[in-house]
Amino acid sequence: MLQVQDLHAYYGKSHILQGVDLHIDAGEVVSLLGRNGVGRSTTVKAIMGEVPPHGTITFKGANIAGLPSFRIAHLGLGYVPEHRDIFPGLTVRQNLMLGIKDPRHPGKWKLDDMLGMFPNLAARADTAAGVLSGGEKQMLTICRTLMGDPELVMIDEPTEGLAPIIVQQVGDLIAEIARRGVAILLVEQKLSIALRISHRVYVMGHGRIVFEGTPAELKANDAVRREWLEV
Amino acid sequence: MLELIVISTLNGVLYGMLLFLMASGLTVIFSMLGVLNFAHASFYMLGAFFGFQISRWFGFWPALILAPLLAGALGAAVERYGLRHVHKNGHVAELLFTFGLAFAIEEIVQIIWGKSPVDFRVPPLLDFPAFTLFSTNYPAFKIFMLVVSIVIFIGLLVVLKRTRIGLIVQAALTHPHMVGHLGHNVGRIFMLVFGVGTALAAVAGVIAGPALVTQSNMAGLLGPILFVVVVVGGLGSLPGAFIASLLIGLVQTFAVSMNGSLAGAFGPLSPDYAATWLSDIWNVTVAQIAPIMPYLLLVLILIFRPMGLLGTRDT
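Chains A and B supply the protein sequences, listed in that same order.
For the first sequence, position 187 matches number 187 in the UniProt record's numbering, and the numbering has no gaps at all.
For the second sequence, position 22 matches number 22 in the UniProt record's numbering, and the numbering has no gaps at all.
Keep in mind that the hints were calculated from the coordinates and are not lab data.
Do not take every clue at face value.
Calculated lysine to any residue pairs in the SDA-like style (CA-CA distance at most 20 Å, straight line) [as the list claims (entries may be wrong)]: (1) Lys101/A with Gln170/B; (2) Lys108/A with Glu176/A; (3) Lys161/B with Thr127/A; (4) Lys60/A with Gly76/A; (5) Lys161/B with Pro103/A; (6) Lys161/B with Val131/A; (7) Lys101/A with Thr174/B; (8) Lys101/A with Gly187/B; (9) Lys88/B with Pro68/A; (10) Lys88/B with Val51/A; (11) Lys101/A with Leu192/B; (12) Lys142/B with Asn11/B; (13) Lys88/B with Glu50/A; (14) Lys60/A with Asp21/A; (15) Lys101/A with Ile189/B; (16) Lys161/B with Gly89/A; (17) Lys101/A with Ile165/B; (18) Lys161/B with Gly130/A; (19) Lys88/B with Phe70/A; (20) Lys161/B with Thr91/A; (21) Lys142/B with Thr132/B; (22) Lys101/A with Leu160/B; (23) Lys101/A with Lys161/B; (24) Lys101/A with His177/B; (25) Lys190/A with Trp228/A; (26) Lys161/B with Gln94/A; (27) Lys88/B with Tyr11/A; (28) Lys161/B with Ser31/B; (29) Lys101/A with Leu90/A; (30) Lys161/B with Pro176/B; (31) Lys110/A with Arg179/A; (32) Lys101/A with His175/B; (33) Lys13/A with Gly90/B; (34) Lys219/A with Gly205/A; (35) Lys101/A with Glu151/A.
In isolation and in its complexed conformation, chain B is listed as follows (with noise of 0.2 Å):
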């Protein structure tokens, strides 16, 4: 049990700051451009290919810096000459490009790498088990990939709250007219914060390739989370993000990991349900139901908290 616990903490807390280092973007990018961008889990997926063929051609650690790199300067491409000019005819029409821009990446891809997964593997350097918990051993990669999210996740932190340009963007998340009235480039600032973000969530795809599965379809099965993550943390609100990740990270990884069921826990007292209709309801395990887990939680958030956690905005 206690083994249980503990790697299902550390497991947890790894996908939550994989969750936080896609969601921070997001959430960044909706403030201050108020488009909630859907084609950011796109941005991971592209990290992940990215990250899988350089690593083919030069090795994965050239990869890792190279490949958030070319999706950040992709990602501040789409801001400058698509988005900017999609922005004058509303919020509807900027919604609409970066969902087509979601398909459009995602049929990319197929054609290019096709649709069945692809060989990325762990590199051999961190191919071994960092440590022996109980009967478990933890495989250094997860390790590594906890330690790049963390030390991103401060340094994001640290040129947010001492940097000249951290400011600007802050203070351009609440006043964007006014930061460019004091005779700041706004529209260069939402390009770098476009492309730092998208770039984050592409920094994920690399790490996160090797340990899960790179496939054509893993932005369609992470952009809806990360649309729980925002929304559960509060819109543009970063703390709130953070919280949120972490949250719906251990929801998860424990859900999966428990095998209890409304059968194991009230059975004994009523065996008669057993046999009736409720069978099915009765018999389900909460692992069954761990990947429902997050919508459930943003059912409730939309019912008692309809601005999140930490948001400000009631919108």
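Bound conformation, chain A alone (with noise of 0.2 Å):
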């Protein structure tokens, strides 16, 4: 479904990416892993266009590499940022509708779906988003791309900075998408979620992908893990 060939990009002249390579079928999820400031934030940037990419990235066959953003999510890709962007001034369900892309075609995710998954928006669903907890704003985020029918979803750092029991009610809400079918790629520096709910993981070191294969291989090849994911 989404493939990503030899991509580079560079922050001024910093060479961040130094030729990425990985793919996502439909409905798999897969974790990219590693430690702060290998380029795994920047690689799903890279995708999503807010870092201008260098190489090859085709979604569904179409070659996205360089397209705006707008274009990108309406060929059914899905971005959540890690700092959490809610409009703030806005109440949550005005939100989560403007997640929806063409209000005459809306998705299979409906607005009770999300309300009715978490009591916590639902009771605030008609107060400012600005106002929630650090949690109900990241459920918040994940919620609203999702209300845009997206094929796969790209999360980057959902649980950074949350408490344990958010944590695991956000790996809940990330396993139940995988479960309706949504194909997701989870940037996490967190091992115990990525293990639990990953089809696959990469792990990446200086800008590539130093370690590809499925979450049981990974908790067996001590080598890897020592030397690019333990602090």
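Can you join these two chains into the complex? Each is in its own frame, and there are hints to help.
Below is the structure:
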């Protein structure tokens, strides 16, 4: 579904991505692991065109490298950025409504569905989203992207800075998304969630993919874990 | 005295609403595109001149509709074919672009319509006194101006708060990238906002043209006051721009109508000062310093509340 080949990206003069190759099939849950600063977020940003990409990126057979992000979104690729960009002045309900790309063709995720899944959000449906807690904001950004009915959603560091109980909830939500057949590219630092729900994992180091395999293979591979993941 | 207060308040609110028609566009464009549009007042001037020309050909009422549409289309084109290409060179380039545009528009207006005021008159239908208060005849056209600005203000509010496109605009004010990731065409929204913003300025031009003077320097006269409004209200804040517009409208109209001076207030206490070198300052009337009042307000705001009355960002 998503094919990335020899992807390079630069911030000014620094060469952040040095030839990333990865692929995700329909309905697959894939995690992109690695320490801070190895280029995981940059990979996702380059795919969305937020950082200028150099290389080949195809989504459902179409070349999307460097397209404006709204076109990429319309092809069915959703993106939840790491900084939880909710629209603070709008209500929770309005935030969710803006996730819908075309009100004439709503997708399989319904507003009531979302609010039903998260009683916290339902209780605050008509308050400004700016006052939500960090965990609620994270749920809201993920749900908002789902309202656009993506076939693949890329989620960047959803559990960063959240309390363990909320991390558990975010994990459940991601598992639920996968259960409904949406492919996921999860950028994470916490191994627990990634290993629990992924079909396949990539490990990044120094702007490249250094390991690819199943969660079981990663668990068995002490050398990779020690060199690229453990602090 | 009561007459003065009532008439000045009416005039002040009217002037304030006109300022808001322009400041609202300016402040929204600033929040979304991050660029202070120096040419914004030029679209107000274009509105007045287009209005003048079209009312010559077809009458005032078609002009009231057509002139803003024309100016708005021009504004949208400026965003699409000008600013969008300059954008990648950074904010300084954008600022210089709008600065140059303001000069270009002024020169073009002078080439076509000349430097002296054109004869843009109140339409006969509205050329009568609406009511007589004490001894002042209040012109119907001014009431019409007030009604038009209030209707547009309410319309703007409804569109922003109640429609989907309004919500997208609000979202794009703070998070343009995220709006793009959700599949909304941010470029087209920018163009739309620029077009509507400049069209609103042009509406102000069409209705202010007959009441004030339609001349090629009208953009230059009004532009600086607009920036004061936007800064005092808080860059990027619509409610702030509304309050600041009314405030500055009222401050200026009241100041113009006051004849008080320091000598008038304190003179009897110490007549000696009147003869010294201080006498110049002593005898300046409030009306004489009215034009600098907005800037005085600007300085005070920048000292005590740099983010503006309702601003959120401190840059």
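Hints, verified against the model:
For a cut-off of 20 Å, the pair hint linking Lys101/A to Gln170/B stands: about 16 Å separates their Cα positions. Note on Lys108/A and Glu176/A: the hinted pairing holds, with a Cα-Cα distance of about 13 Å set against a maximum of 20 Å. Annotation: proposed proximity of Lys161/B to Thr127/A holds, straight-line Cα distance about 14 Å (limit 20 Å). This hinted pair checks out: Lys60/A and Gly76/A have alpha carbons roughly 9 Å apart, not beyond 20 Å.
Distance restraint check for Lys161/B and Pro103/A: the Cα-Cα separation of roughly 17 Å lies within the 20 Å cut-off, and the hinted pair is therefore satisfied. Note on Lys161/B and Val131/A: the hinted pairing holds, with a Cα-Cα distance of about 19 Å set against a maximum of 20 Å. A threshold of 20 Å between alpha carbons decides the hint, and for Lys101/A with Thr174/B the separation of about 19 Å falls inside it, so the pair holds. For the hint pairing Lys101/A with Gly187/B, the CA-to-CA distance comes to about 15 Å; that is within 20 Å, so the pair holds.
Between Lys88/B and Pro68/A, the direct Cα distance comes to roughly 14 Å. Compliance with the 20 Å bound is thereby established for this hinted pair. This hinted pair checks out: Lys88/B and Val51/A have alpha carbons roughly 14 Å apart, not beyond 20 Å. Distance check on the hinted pair: Lys101/A and Leu192/B sit about 18 Å apart at the alpha-carbon level, within 20 Å; holds. A threshold of 20 Å between alpha carbons decides the hint, and for Lys142/B with Asn11/B the separation of about 8 Å falls inside it, so the pair holds.
Straight-line distance between C-alpha atoms of Lys88/B and Glu50/A comes to about 14 Å, which keeps the hinted pair within the 20 Å bound. As the CA atoms of Lys60/A and Asp21/A are separated by approximately 16 Å, the hinted pair is consistent with the 20 Å bound. Our distance criterion of 20 Å between C-alpha atoms is met by Lys101/A and Ile189/B, whose separation comes to about 14 Å. Pair hint Lys161/B plus Gly89/A holds up; C-alpha atoms about 11 Å apart against a cutoff of 20 Å.
A C-alpha spacing of about 12 Å is found between Lys101/A and Ile165/B, which places the hinted pair at or below 20 Å, so the restraint holds. A distance of roughly 17 Å separates the Cα atoms of Lys161/B and Gly130/A; the hinted pair therefore holds under the 20 Å criterion. Only pairs whose Cα atoms come within 20 Å are accepted, and Lys88/B paired with Phe70/A is accepted, the gap being roughly 18 Å. About 11 Å separates the Cα atoms of Lys161/B and Thr91/A, which keeps this hinted pair within 20 Å; it holds.
Distance restraint check for Lys142/B and Thr132/B: the Cα-Cα separation of roughly 13 Å lies within the 20 Å cut-off, and the hinted pair is therefore satisfied. Among the hinted pairs, Lys101/A with Leu160/B is consistent with the structure: their alpha-carbon atoms are about 18 Å apart, no more than 20 Å. Between Lys101/A and Lys161/B the CA atoms are separated by roughly 19 Å; this keeps the pair inside 20 Å, and the hint holds. The hinted pair formed by Lys101/A and His177/B meets the criterion: a straight-line CA distance of about 15 Å does not exceed 20 Å.
This hinted pair checks out: Lys190/A and Trp228/A have alpha carbons roughly 13 Å apart, not beyond 20 Å. Note on Lys161/B and Gln94/A: the hinted pairing holds, with a Cα-Cα distance of about 10 Å set against a maximum of 20 Å. Between Lys88/B and Tyr11/A, the direct Cα distance comes to roughly 15 Å. Compliance with the 20 Å bound is thereby established for this hinted pair. Between Lys161/B and Ser31/B, the direct Cα distance comes to roughly 17 Å. Compliance with the 20 Å bound is thereby established for this hinted pair.
As the CA atoms of Lys101/A and Leu90/A are separated by approximately 17 Å, the hinted pair is consistent with the 20 Å bound. Of the pairs offered as hints, the one joining Lys161/B and Pro176/B holds, with about 18 Å between alpha carbons and a cut-off of 20 Å not exceeded. A hinted pair counts as satisfied when its Cα atoms are at most 20 Å apart, and Lys110/A with Arg179/A qualifies at roughly 16 Å. This hinted pair checks out: Lys101/A and His175/B have alpha carbons roughly 16 Å apart, not beyond 20 Å.
Simply put, Lys13/A and Gly90/B have alpha-carbon atoms about 18 Å apart, close enough for the 20 Å limit, and the pair holds. Restraint check: the Cα-Cα separation between Lys219/A and Gly205/A comes to about 17 Å, which is no more than 20 Å; the hinted pair holds. With a C-alpha separation of about 14 Å, the suggested pairing of Lys101/A with Glu151/A holds against the 20 Å cut-off.
The structure meets every hint from the earlier list without exception.
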